[in-house]
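Protein chains: 2
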Amino acid sequence: MVHVARNLAKDCNDLIGKEVLLRGWVERTRTHGKVAFFDLRDRSGIIQITAHGELAPKVAELSSQDVVEVKGVARARDEKYINPELETGKVEVHLERQNVISKAAEMPFDMGGKELNLELPTLLDFRSLTLRHSKIAPIFKIQEAIVEGFRKASKELGCTEVFTPTISYSSTEGGADVFRVDYYGHKAFLIQSPQLYKQILMPVFERVSLISHAYRAEPSVTTRHLSESIQLDCELGFMEFEELLDSLEFVGTETINHAAKAHPDILKNYGVEKPAIPKKIPRLKMREAQEIIFEITNRDVRNELDLGPEDEKDICKWALKEHNSDFVTITHFPLAKRAFYTHPDPDNPEFSLSYDLLFRGVEILSGSKRVDNYEKLSEIIKERGMNPADFEMYLQAFKYGIPPHGGFSFGLERMTMKLLNLSNIREASLFPRDMERIDQRFSVKEK
Amino acid sequence: MVHVARNLAKDCNDLIGKEVLLRGWVERTRTHGKVAFFDLRDRSGIIQITAHGELAPKVAELSSQDVVEVKGVARARDEKYINPELETGKVEVHLERQNVISKAAEMPFDMGGKELNLELPTLLDFRSLTLRHSKIAPIFKIQEAIVEGFRKASKELGCTEVFTPTISYSSTEGGADVFRVDYYGHKAFLIQSPQLYKQILMPVFERVSLISHAYRAEPSVTTRHLSESIQLDCELGFMEFEELLDSLEFVGTETINHAAKAHPDILKNYGVEKPAIPKKIPRLKMREAQEIIFEITNRDVRNELDLGPEDEKDICKWALKEHNSDFVTITHFPLAKRAFYTHPDPDNPEFSLSYDLLFRGVEILSGSKRVDNYEKLSEIIKERGMNPADFEMYLQAFKYGIPPHGGFSFGLERMTMKLLNLSNIREASLFPRDMERIDQRFSVKEK
Chain A
2 MVHVARNLAK
12 DCNDLIGKEV
22 LLRGWVERTR
32 THGKVAFFDL
42 RDRSGIIQIT
52 AHGELAPKVA
62 ELSSQDVVEV
72 KGVARARDEK
82 YINPELETGK
92 VEVHLERQNV
102 ISKAAEMPFD
112 MGGKELNLEL
122 PTLLDFRSLT
132 LRHSKIAPIF
142 KIQEAIVEGF
152 RKASKELGCT
162 EVFTPTISYS
172 STEGGADVFR
182 VDYYGHKAFL
192 IQSPQLYKQI
202 LMPVFERVSL
212 ISHAYRAEPS
222 VTTRHLSESI
232 QLDCELGFME
242 FEELLDSLEF
252 VGTETINHAA
262 KAHPDILKNY
272 GVEKPAIPKK
282 IPRLKMREAQ
292 EIIFEITNRD
302 VRNELDLGPE
312 DEKDICKWAL
322 KEHNSDFVTI
332 THFPLAKRAF
342 YTHPDPDNPE
352 FSLSYDLLFR
362 GVEILSGSKR
372 VDNYEKLSEI
382 IKERGMNPAD
392 FEMYLQAFKY
402 GIPPHGGFSF
412 GLERMTMKLL
422 NLSNIREASL
432 FPRDMERIDQ
442 RFSVKEK
Chain B
2 MVHVARNLAK
12 DCNDLIGKEV
22 LLRGWVERTR
32 THGKVAFFDL
42 RDRSGIIQIT
52 AHGELAPKVA
62 ELSSQDVVEV
72 KGVARARDEK
82 YINPELETGK
92 VEVHLERQNV
102 ISKAAEMPFD
112 MGGKELNLEL
122 PTLLDFRSLT
132 LRHSKIAPIF
142 KIQEAIVEGF
152 RKASKELGCT
162 EVFTPTISYS
172 STEGGADVFR
182 VDYYGHKAFL
192 IQSPQLYKQI
202 LMPVFERVSL
212 ISHAYRAEPS
222 VTTRHLSESI
232 QLDCELGFME
242 FEELLDSLEF
252 VGTETINHAA
262 KAHPDILKNY
272 GVEKPAIPKK
282 IPRLKMREAQ
292 EIIFEITNRD
302 VRNELDLGPE
312 DEKDICKWAL
322 KEHNSDFVTI
332 THFPLAKRAF
342 YTHPDPDNPE
352 FSLSYDLLFR
362 GVEILSGSKR
372 VDNYEKLSEI
382 IKERGMNPAD
392 FEMYLQAFKY
402 GIPPHGGFSF
412 GLERMTMKLL
422 NLSNIREASL
432 FPRDMERIDQ
442 RFSVKEK
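Here the protein sequences line up with chains A and B, keeping their order. In short: position in the first sequence from 1, add 1, done, that's this note's numbering. In short: position in the second sequence from 1, add 1, done, that's this note's numbering.
Incorrect hints may appear among the rest.
For chains that are exact copies, the list does not tell them apart, and a pair is met inside one copy or across any two.
[Unchecked claim] List of simulated lysine to any residue pairs, SDA-like, C-alpha gap at most 25 Å: (1) 338 <-> 380; (2) 142 <-> 162; (3) 142 <-> 153; (4) 377 <-> 441.
Because the hints were derived from the structure by calculation, they are not lab data.
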């Protein structure tokens, strides 16, 4: 590998007294007569550039987001100018020469502040600009670390990472919320989840993990749903219910923990605590959770068929208070509320061997033990009004020897949102897709 | 984590004399009167189960792909029965009890041989069965390792791993080969590549890597194209042409090398050599490559606007012979043959700052330095008959300060195919998509 002479912002800490060559973006400029400053951002961080004497007026020529090349000498800052909030806060670069590589147009809003106080539509309309902000870009560093944590944990479980298609012949979960694709004149759908494929792979690899896109054409706008999202999936063969619960709690907590440990500075900047993870995550059947909610809030949800958003918040508060846990596992949801491949609870077939993992007030993971009998599965598909012929390859796997198995999946954006306490899931997606927008809003595009 | 008492096949090597509990699939059975054998497969490998005396007839009840639980005692094999080809070839398990967990239907073809000699349509029609075969499943272990190698190498380059959408408003590369999606009544496409998004992210992360799906509605059936494929992408800011070439050769060779080193046994089973990677990968301009092809084969392709499949093979033969290299980098393709965002060669604008990396006779990676000027880019989009309004967010990135940059992308299935010398790219995809099939062939489905 050839290494060019360029230095990164954070390298300057170790280059005091040396000449440096930096390249990056102008973040903000400040001029005070004979001395002027600007903050230069590159992929390693931010560094202050200081211009003295006749060079000071040159800084006034720069504007936010200009791409510049800077030559100068790294110097220790005066004690009184040290910035403890910056990784390079003890150093600055005394400008010798600057060169604009790419001139930016005038900013449509202030990009120089610590916060980017924009309404969501503006935040998304100018996505290629707003993503650069030092409060926004780190969201996706956390996201990267979540995926790393997931891969590490699922690998520890013995999973093979696989790659499955997104264009499918059948709709995974039934229902009308599917996007249709014109596939060489044939009908096809975008998958609602990679569920069927990961199950087919049980007799191949026994344990698989995958990172897939998932598509839901939900005709509604909420703060926690996207039309296209990234799903982190595990499916595990030869596992019974208890071991599945152990596994999902292992992967769920390790994933979040890995991300939190990788970037304590980002958590701090977002004002969020590192996750509370006890040795044993509290586990409740849905009916038990509803009882507890009734006891602590007097809200009677004991006959509801599912937990609502309010319920999820309340039971998470309880878990934090009683078990010092930011996580709580809820099991045994009513069978009718879960996908067709969900295994009924043998002790009470109205309920199911299903589970959700809640984190800080919201479900981040969902899954179940699966039906693993060919005849039963074919029957269920018919009962739910679907056609077994649309599930031919899936059913084939069950016909030729399939082990007991189960699995779970995370929503990547959902996890990112909750870990950083963002108010809308769109903030946790680089380029969010919803019914109102593909990059630009439809109303704007179709003018 | 709770660990159940189950043992894996390969653990038996260390459990001689001990009682073991195994779970897995029956691969093949052999009975010889008072002694019978079967091979049991689990995620760790294969182990021989031996049944003596009154247990021997029980083995005859088993058939291929039955899922069984086996209790027995691990024993060292007699010297003369040692199988050097098997990781557990020195050990066997003396059966005490067997239990069928899931009975398989009768096999439509022989699954017990070392090779699975099936025509491609059958291989794919019974994908959930054929993937289990011990010659087939390892293809996807190689694939997993290729992705691992790519992630490792791109991380070493300082890339942030990002996740970008597949539903888009504009067609990345122009042309008619796009799949249309009905997006809440609006027109939308499946991306031909994540190209536009990775460029938009240059001013955010400077260097990014991503693993994306890519869709091409090519109305043709070839041995090296899929309608849906996995693409491994890098995009690198502040890099000029030479450094881009260094980077792509670094990532390309490290990726392949990582996979080859991770699974020498699989390469051996496929009868392929480990890749020849010299210190310096040979680099040729396309015109130089054409000259060499003319010299060594007398085939005159010196006026062609691109390299054909035959040319790629010939120049790879040359690279292996002259440079002991399985890789060769070809640069400077005609500008008109490359995507709109390709940077022209300043010295000869009919050509471009583009490159392909060839591996063993086929292109596995393609890329270029990019146009990085807002006005020029808008112009080119118009010149190519596309509408700049369809590229609004992309162009926005260029308007507000973008660095010089370039990048490249690999086809995951293409790499897998070439590394194992498979004859058809469909063999390198778990569930391949082409114009004739989504899992089942259309002709079969629409009966």
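So, going through the hints one by one against the coordinates:
no.: 1; hint: 338 <-> 380; verdict: within (18 Å within a copy, 54 Å between copies)
no.: 2; hint: 142 <-> 162; verdict: both (22 Å within a copy, 8 Å between copies)
no.: 3; hint: 142 <-> 153; verdict: both (16 Å within a copy, 17 Å between copies)
no.: 4; hint: 377 <-> 441; verdict: between (46 Å within a copy, 22 Å between copies)
Hint compliance for this structure: every hint is met.
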